[in-house]
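Undergrad: So the chains spell out like this:
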Amino acid sequence: MAAATGKTTGRTGLRGTPDWALLLGAGFVYLFLYAPILVLMFFSFNSTRSTQVWTGFSLEWYGELLRDQSVHDAFRTSLIVGVVATAIATVIGTFAALALSRHGFRGQTFADTTIYAATVMPEIVVGVSLLVFFVAIQFTLGITTIIIAHVAFTISFVTIVVRARLSGMDRSIEEAAQDLGASPVQTFLRVTLPLILPGVMAGALLAFTLSFDDFVITFFVSGVGSSTLPLKIYSMIKFGVSPVINALSTVVLVATMLLIFGGSRILVKKEDA
Amino acid sequence: MGGGKGHGWSLGLAGLLAPVTIWLGLFFLVPLLLILAYSFGTSGIYGGITLGFNPGNYLKVFDPLYLEIIGRTFFIAALNTLLCLALGYPLAYFIVFKGRRWRNALVLLVMVPFWTSLLIRAYAWVVILGGNGIANRTLQFLGITDEPLTLIFTPEAVLMGMVYSYLPFMILPLYAALEKFDTRLKEAAQDLGASRWHTFWRVTFPLSLPGVIAGSILVFIPSAGEFVIPDLLGGSRTVMTGNLIQNQFLQARDWAFGSALSVLLAVLLLGAIMFYVRRVGTDKLGGI
Amino acid sequence: MSREKRISRGAFLKAMGAAGVAGSTLSVLACQPNTSATGGGGGGGGPEEKKLNLYNWADYVAKSTIPSFEQKTGIQVTQDFYSSNEDLLAKLQAGGTGYDVIVPSDYMVAIMAKSDVIQKLDKSKIPNAKNVGKEYEGLSYDPNNEYSLPYQWGTTGILYNKKEIGQLDESWDPMWDPQFEGKVAMLNDTRETLGAALYKLGYSVNATDQEQLDEARAELIEQKPLLSGYFDSTESRPLVLNGDLLLGHVFSGDAFLALSENDDLDYVVPKPAATRWTDNMCIPNGAQHPENAHKFINHILDAGVGAKLSNYTYYNTPNAAALPKIDEALRKLSGYVLPDKVFKRLEVIEDTGEATREYERIFTEVKSS
Numbered sequence: 001m002a003a004a005t006g007k008t009t010g011r012t013g014l015r016g017t018p019d020w021a022l023l024l025g026a027g028f029v030y031l032f033l034y035a036p037i038l039v040l041m042f043f044s045f046n047s048t049r050s051t052q053v054w055t056g057f058s059l060e061w062y063g064e065l066l067r068d069q070s071v072h073d074a075f076r077t078s079l080i081v082g083v084v085a086t087a088i089a090t091v092i093g094t095f096a097a098l099a100l101s102r103h104g105f106r107g108q109t110f111a112d113t114t115i116y117a118a119t120v121m122p123e124i125v126v127g128v129s130l131l132v133f134f135v136a137i138q139f140t141l142g143i144t145t146i147i148i149a150h151v152a153f154t155i156s157f158v159t160i161v162v163r164a165r166l167s168g169m170d171r172s173i174e175e176a177a178q179d180l181g182a183s184p185v186q187t188f189l190r191v192t193l194p195l196i197l198p199g200v201m202a203g204a205l206l207a208f209t210l211s212f213d214d215f216v217i218t219f220f221v222s223g224v225g226s227s228t229l230p231l232k233i234y235s236m237i238k239f240g241v242s243p244v245i246n247a248l249s250t251v252v253l254v255a256t257m258l259l260i261f262g263g264s265r266i267l268v269k270k271e272d273a
Numbered sequence: 274m275g276g277g278k279g280h281g282w283s284l285g286l287a288g289l290l291a292p293v294t295i296w297l298g299l300f301f302l303v304p305l306l307l308i309l310a311y312s313f314g315t316s317g318i319y320g321g322i323t324l325g326f327n328p329g330n331y332l333k334v335f336d337p338l339y340l341e342i343i344g345r346t347f348f349i350a351a352l353n354t355l356l357c358l359a360l361g362y363p364l365a366y367f368i369v370f371k372g373r374r375w376r377n378a379l380v381l382l383v384m385v386p387f388w389t390s391l392l393i394r395a396y397a398w399v400v401i402l403g404g405n406g407i408a409n410r411t412l413q414f415l416g417i418t419d420e421p422l423t424l425i426f427t428p429e430a431v432l433m434g435m436v437y438s439y440l441p442f443m444i445l446p447l448y449a450a451l452e453k454f455d456t457r458l459k460e461a462a463q464d465l466g467a468s469r470w471h472t473f474w475r476v477t478f479p480l481s482l483p484g485v486i487a488g489s490i491l492v493f494i495p496s497a498g499e500f501v502i503p504d505l506l507g508g509s510r511t512v513m514t515g516n517l518i519q520n521q522f523l524q525a526r527d528w529a530f531g532s533a534l535s536v537l538l539a540v541l542l543l544g545a546i547m548f549y550v551r552r553v554g555t556d557k558l559g560g561i
Numbered sequence: 562m563s564r565e566k567r568i569s570r571g572a573f574l575k576a577m578g579a580a581g582v583a584g585s586t587l588s589v590l591a592c593q594p595n596t597s598a599t600g601g602g603g604g605g606g607g608p609e610e611k612k613l614n615l616y617n618w619a620d621y622v623a624k625s626t627i628p629s630f631e632q633k634t635g636i637q638v639t640q641d642f643y644s645s646n647e648d649l650l651a652k653l654q655a656g657g658t659g660y661d662v663i664v665p666s667d668y669m670v671a672i673m674a675k676s677d678v679i680q681k682l683d684k685s686k687i688p689n690a691k692n693v694g695k696e697y698e699g700l701s702y703d704p705n706n707e708y709s710l711p712y713q714w715g716t717t718g719i720l721y722n723k724k725e726i727g728q729l730d731e732s733w734d735p736m737w738d739p740q741f742e743g744k745v746a747m748l749n750d751t752r753e754t755l756g757a758a759l760y761k762l763g764y765s766v767n768a769t770d771q772e773q774l775d776e777a778r779a780e781l782i783e784q785k786p787l788l789s790g791y792f793d794s795t796e797s798r799p800l801v802l803n804g805d806l807l808l809g810h811v812f813s814g815d816a817f818l819a820l821s822e823n824d825d826l827d828y829v830v831p832k833p834a835a836t837r838w839t840d841n842m843c844i845p846n847g848a849q850h851p852e853n854a855h856k857f858i859n860h861i862l863d864a865g866v867g868a869k870l871s872n873y874t875y876y877n878t879p880n881a882a883a884l885p886k887i888d889e890a891l892r893k894l895s896g897y898v899l900p901d902k903v904f905k906r907l908e909v910i911e912d913t914g915e916a917t918r919e920y921e922r923i924f925t926e927v928k929s930s
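Residue numbers (our numbering), protein chains in the order written: chain X, 1 to 273; chain P, 274 to 561; chain U, 562 to 930.
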């Protein structure tokens, strides 16, 4: 079929909407997303403590960043929490999505409702109630409680994203594999997972992002010495957020960009046929 | 693991559901019961709560002030969802169909800005949209305006900030849904003579509907609980339900009322989702 | 045509049962939501670990404050952060313990004492308490300093652009002046902003009379269209600095930071009254290291440490012994050193008990109008 027309993959697009319009639209959205990033990077080089009034060029905040141990600690905690919570939530959420995409088992509506309900509660409610719960079962507050809480509020997001991927997907391949004698585990690893991987990755990405910048829930369930980056940053509101944070963000952004473009060999897929 | 229909419970199904059941059961449902209990309690003057049966907290919600806030919230959340769809769909489409080998990188690039604190990005928006900021200066330079416009600390700025914050919640599910799209289907349609627009509207879009629904839900729901953006970008002049609930738990120290508000909000939102999902097509989301 | 195995529903139900057990445990224990962990102060047992858990605002200690304490005593300090008094209270009331020293503001000390979240101080362990100036101790929220000792204090007033609008009268009226429309900001703080309206009407910031509150509400609703918004003090500061605002309702520390950067600005503490606020050091119930906590409080009240603290934060020190060591540049700033007659018209915000909810409702109504 594909060979029938001379034009194939390159020309898919909306009729009357040439490819460059789509490119422009996408570019605009990226610009929208990155505009404040450029501004905050700019202010990381400010010569006074302001992140909004430019007074001159200075690298002092980068020096400060190197010296400030509490920022390093907070960043490290956020990273650990983010990675661990994302890993757990992605696994659990993917399993749940797989289960829920079947039709008609008993308790399905309840399960669905619970998944949605977990996205519906305002953060302060989740935070306070989890804190009371942890205290009631005498579970010491700390990084573990933060991770538990983060998994709890991100599972649903992963599930919903993976379900969007699963929906309408042709499951006959899985059945075929099983008919050919593959065990359920093999089927999952060799057939299902590769098919849903983009959805799983998207869900993981969302979960990590939610976890990394969470403030309210984290505040309530954190313990001594388990300050995450948002806890430190939001607490700076009283005196003004120092450009050290801008400097940190710039470093993270630049590092990530380098990884994305440098590691493009891993990220860049082979063109599918 | 076949997709057999039936009321069957299998070992596989139970195994898949067990982790989420335990985790959400313990760390979500149980605390939720607590909130439900609180919502019928009576708040102490200095915080804290005595349990009991006091439906007064729910009755307090039916106050024109609070109803107005809730109404405004739903309105903003709906607008936010529409705008996110309008901006997010083309981008997701672009990444999937035009991104080719760079797809993964492009998706990552969407998320990377969100790994910096929302607080500093909001402050950056204040700079951009300020009286003497880039936006105003560009408008004046292009001759579109003579004087600086008030762009920041307005309800419009709040909406823009919401769209800014929630775009990824729309883009990621859309990407997940579109990415599985079988290009051959589209080519087949075109081979059979369908125009490009026709192909999109009759083939591509319907198949992406699960992504649209998922994205809409993931944007609309948390929008209703948003409290940071209205304060930072709206000058605290646009009060949303999230602000109200925060306020009740913290400044007003009225945990009972705050809990009642949250429960009501949850019920309203869940009702909205269920309605929306049933309306758009039950099989699109696989099984509700 | 896949094979499916039926399992007993029991396996699955067991998991639900576990959740059920947790639920009933919770409902029993949830009857005491104010659980602070066991007991009060440093009773019995062996010597404390050489640790201290400090819960404070970010950047509220000078660079040397904690290291000098650690060196002097060998006690390891861990500092965590909260971003508002109310957050702090909610966390402590919900049972979040583990901290030895917290830094709540004035009215919050009273609330915490009443809800039994903080413990009494043992002054015998804080010899430097004598350094506290007479005007900063025995304030209404803690008349005998049983629970708290002051950390930093300041005022709330108006930061404005003297160059643009000239020298202001010391009054709250300019914040209501239509000629400044769109260039005025008030604090996003119920007590301070309602307070400003109450002050303007000649009432007390701690008014509980409904009529007075209604009048204040009317004033604020009238004012709202003129405002750029209700901001945190730190948000107003850059806006006044870059000209987007002409007048900002701010805390003194932010005003002084702005004044030291820009000579065109000025800070005024209005008549007939304005707020003076005080942040204090307290020890929560259930603190694991109360001995060390007392030592830390004592350290802060040392003259040298206190001076360095204020020189860093740009707030005022309650430490009379530290006053001579405050930076000259700071002392010269308008509004830093207050003449007696100004000082006398300052009021302290107190907890208003039942009226708190009415205050909050009013402010929500104003913001939503």
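FYI, nobody ran anything at the bench for these hints, they're computed from the structure.
It is possible that some hints are incorrect.
Claimed, not checked - Below, computed lysine-lysine pairings styled on DSS-like, alpha-carbon distance capped at 30 Å:
(1) Lys893/U - Lys684/U
(2) Lys333/P - Lys675/U
(3) Lys695/U - Lys856/U
(4) Lys333/P - Lys624/U
(5) Lys785/U - Lys675/U
(6) Lys893/U - Lys695/U
Said to hold, decoys possible - Just the calculated beta-carbon pair ranges, DEER-fashion:
(7) Val334/P - Asp775/U: 18 to 28 Å
(8) Leu258/X - Pro337/P: 49 to 59 Å
(9) His72/X - Pro688/U: 31 to 41 Å
(10) Gly544/P - Ser732/U: 25 to 35 Å
(11) Thr323/P - Asn823/U: 45 to 55 Å
(12) Leu543/P - Ala255/X: 50 to 60 Å
(13) Asp770/U - Val334/P: 26 to 36 Å
(14) Ile173/X - Phe478/P: 39 to 49 Å
(15) Trp470/P - Thr113/X: 31 to 41 Å
(16) Trp470/P - Thr144/X: 49 to 59 Å
(17) Val185/X - Leu340/P: 47 to 57 Å
Ideal Cβ placement from N, Cα and C applies to all residues, glycine included.
Undergrad: Look at each hint and say if it fits the structure.
TA: Results of checking the hints against the structure:
no.: 1; hint: Lys893/U - Lys684/U; verdict: violated (34 Å)
no.: 2; hint: Lys333/P - Lys675/U; verdict: holds (26 Å)
no.: 3; hint: Lys695/U - Lys856/U; verdict: holds (22 Å)
no.: 4; hint: Lys333/P - Lys624/U; verdict: violated (48 Å)
no.: 5; hint: Lys785/U - Lys675/U; verdict: violated (35 Å)
no.: 6; hint: Lys893/U - Lys695/U; verdict: holds (23 Å)
no.: 7; hint: Val334/P - Asp775/U: 18 to 28 Å; verdict: holds (23 Å)
no.: 8; hint: Leu258/X - Pro337/P: 49 to 59 Å; verdict: holds (55 Å)
no.: 9; hint: His72/X - Pro688/U: 31 to 41 Å; verdict: holds (36 Å)
no.: 10; hint: Gly544/P - Ser732/U: 25 to 35 Å; verdict: violated (52 Å)
no.: 11; hint: Thr323/P - Asn823/U: 45 to 55 Å; verdict: holds (52 Å)
no.: 12; hint: Leu543/P - Ala255/X: 50 to 60 Å; verdict: violated (41 Å)
no.: 13; hint: Asp770/U - Val334/P: 26 to 36 Å; verdict: holds (27 Å)
no.: 14; hint: Ile173/X - Phe478/P: 39 to 49 Å; verdict: violated (25 Å)
no.: 15; hint: Trp470/P - Thr113/X: 31 to 41 Å; verdict: holds (38 Å)
no.: 16; hint: Trp470/P - Thr144/X: 49 to 59 Å; verdict: holds (53 Å)
no.: 17; hint: Val185/X - Leu340/P: 47 to 57 Å; verdict: holds (53 Å)
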